[in-house]
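S.K.: Take the sequences, apply the hints, and build the full model.
Line by line, the protein sequences give chains A and B.
The numbers in the working numbering rise by one with no breaks, and the one at position 185 of the first sequence is 266.
The numbers in the working numbering rise by one with no breaks, and the one at position 132 of the second sequence is 144.
These aren't lab readings, by the way, just hints derived from the structure by calculation.
On a predicted model such as this, the values are computed, not experimentally measured, just so you know.
C-beta: ideal position from N, C-alpha, C; glycine also.
Incorrect hints may appear among the rest.
[Said to hold, decoys possible] Cβ-to-Cβ under 7 Å is the rule here; a few derived chain A residues that face chain B:
no., residue
1, Leu85
2, Lys112
3, Tyr114
4, Gly115
5, Ala154
6, Gly224
7, Ile248
As a plain string of letters, each chain reads:
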Amino acid sequence: VDQLPDETLLSGLGGGDEEITVAFVRRFQRKVYGVALSVLGDRALAEDVAQQAFERAWHNAHTFDPRRGTVNAWLTTITRNLAIDATRVHRPIPVDPDELLLRITASSEGPERSALAGESATELRAALYLLPREQARAVVLAGIVGLSASQVADAEGIPLGTAKTRIRTAMQRLRAVLVSEQVDHD
Amino acid sequence: MTDMNCEDFERLGAELALGTLDGRERAEVLAHVEHCPNCRQELLLLSDIADRLVELTPSAEPPVGFETRVLAVLSAAGPASVMGAALPGAALPGVAEPGGGPGVGGQGGAVPGLRVVPVVRAVERRRTRLVVSLSAAVLAVVLGLGGWLVGRQTAPSGSPATQAVTASLVTGAGRVGQVVVVPGEFPWISMAVEAGLGNQTVLCQLVERDSAAVTIGSFKLANGYGYWSAPVPASASPIIGARLVDATGHTIATATFSRSF
Numbered sequence: 082v083d084q085l086p087d088e089t090l091l092s093g094l095g096g097g098d099e100e101i102t103v104a105f106v107r108r109f110q111r112k113v114y115g116v117a118l119s120v121l122g123d124r125a126l127a128e129d130v131a132q133q134a135f136e137r138a139w140h141n142a143h144t145f146d147p148r149r150g151t152v153n154a155w156l157t158t159i160t161r162n163l164a165i166d167a168t169r170v171h172r173p174i175p176v177d178p179d180e181l182l183l184r185i186t187a188s189s190e191g192p193e194r195s196a197l198a199g200e201s202a203t204e205l206r207a208a209l210y211l212l213p214r215e216q217a218r219a220v221v222l223a224g225i226v227g228l229s230a231s232q233v234a235d236a237e238g239i240p241l242g243t244a245k246t247r248i249r250t251a252m253q254r255l256r257a258v259l260v261s262e263q264v265d266h267d
Numbered sequence: 013m014t015d016m017n018c019e020d021f022e023r024l025g026a027e028l029a030l031g032t033l034d035g036r037e038r039a040e041v042l043a044h045v046e047h048c049p050n051c052r053q054e055l056l057l058l059s060d061i062a063d064r065l066v067e068l069t070p071s072a073e074p075p076v077g078f079e080t081r082v083l084a085v086l087s088a089a090g091p092a093s094v095m096g097a098a099l100p101g102a103a104l105p106g107v108a109e110p111g112g113g114p115g116v117g118g119q120g121g122a123v124p125g126l127r128v129v130p131v132v133r134a135v136e137r138r139r140t141r142l143v144v145s146l147s148a149a150v151l152a153v154v155l156g157l158g159g160w161l162v163g164r165q166t167a168p169s170g171s172p173a174t175q176a177v178t179a180s181l182v183t184g185a186g187r188v189g190q191v192v193v194v195p196g197e198f199p200w201i202s203m204a205v206e207a208g209l210g211n212q213t214v215l216c217q218l219v220e221r222d223s224a225a226v227t228i229g230s231f232k233l234a235n236g237y238g239y240w241s242a243p244v245p246a247s248a249s250p251i252i253g254a255r256l257v258d259a260t261g262h263t264i265a266t267a268t269f270s271r272s273f
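M.R.: This is the structure:
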């Protein structure tokens, strides 16, 4: 079972197969919990959200469409959105973006997951820490923690226009790197 | 509703892709995107970046007993295929809405034994919900291109003169970092060193085709790690690479670009 593709495990999860459900949870629990912890910065809350994410995945396994992305991306999005919901109630002060950046840039997934992620994750990770620090902070607060530009401005103590510019410029720079990566691979 | 144009999209597209625009602006930008193929393509690209960004979040070891608790919850809840039919998302086959819906505590599918976090209904601005907001025609286009948000698509080719170039920063012992040059009206260069060069201040130089080197700045490395970014100054000769130079003037790492600027 441990050798089955992610999509097969997800199908089994939705079908109520006990052995596959165990394998699915074991395969993705570190990722799901890590995403929740990154957004929330609180272990107890992260555990609650991670648990909800598995439950949501289990309920909605039949809606997954492999043509539109990987199971990992699907599950990551579920978890992130649930975590952002939870921040609105439980954690009005966002996580420290420097700490999050450090965790992202120092991240080391297991060999299997790294191979699946391929070079694109490495390129994006590199591009992220190539950004000027203030832009990287802004785009992480918006893109991962889910803050609006106005909330980024408040968190960073900067004018709204500056926050918007930092987010926009960061995304354009990440875009430029990834377009280049795509062309190089073509 | 204000009619937005391509300039407005350029200003707000990144926030739209990141899912952080408020409802009014989001609706206005989407109304423009629906009728503008160029901005739609750009939104696809930005959304792809936004999704990849979230995927970068690192894994972490959950608390002891987490796996057991999750399995107990799933086991107690019964077959998913039955429960799922009554849940949000199930009514949208092909337009999956992963997460972001009402919290578990607000659903009929609440599970006995689950520690429920009260969750408020998310503001309708998640990028996963862009799909639901787009018209059927737009949706057909974006899905037809191979995916939306959590999918992957080929970037537009564009002009090579405006595309960024990445190059590995190498020493005799191998790769130690990466250099990115983004051409255009205001070209800039970024350099990241990941390991192998210790603690020191290094000069960053651009190498021109005639082998001349132009120092454009310096940055500090701490435990082999450091990154730096700066505008690229105008040069009379095409730039073919970059290099790092130590305090004694020795070149300690080089990068060669696949094309000159």
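S.K.: Decide, hint by hint, whether the structure agrees.
M.R.: Here's how the hints hold up against the structure:
no. : hint   : result
1   : Leu85  : violated (17 Å)
2   : Lys112 : holds (5 Å)
3   : Tyr114 : holds (4 Å)
4   : Gly115 : holds (4 Å)
5   : Ala154 : holds (4 Å)
6   : Gly224 : holds (4 Å)
7   : Ile248 : holds (6 Å)
Hint 1 from the earlier list is the only one contradicted by this structure; the remaining hints agree with it.
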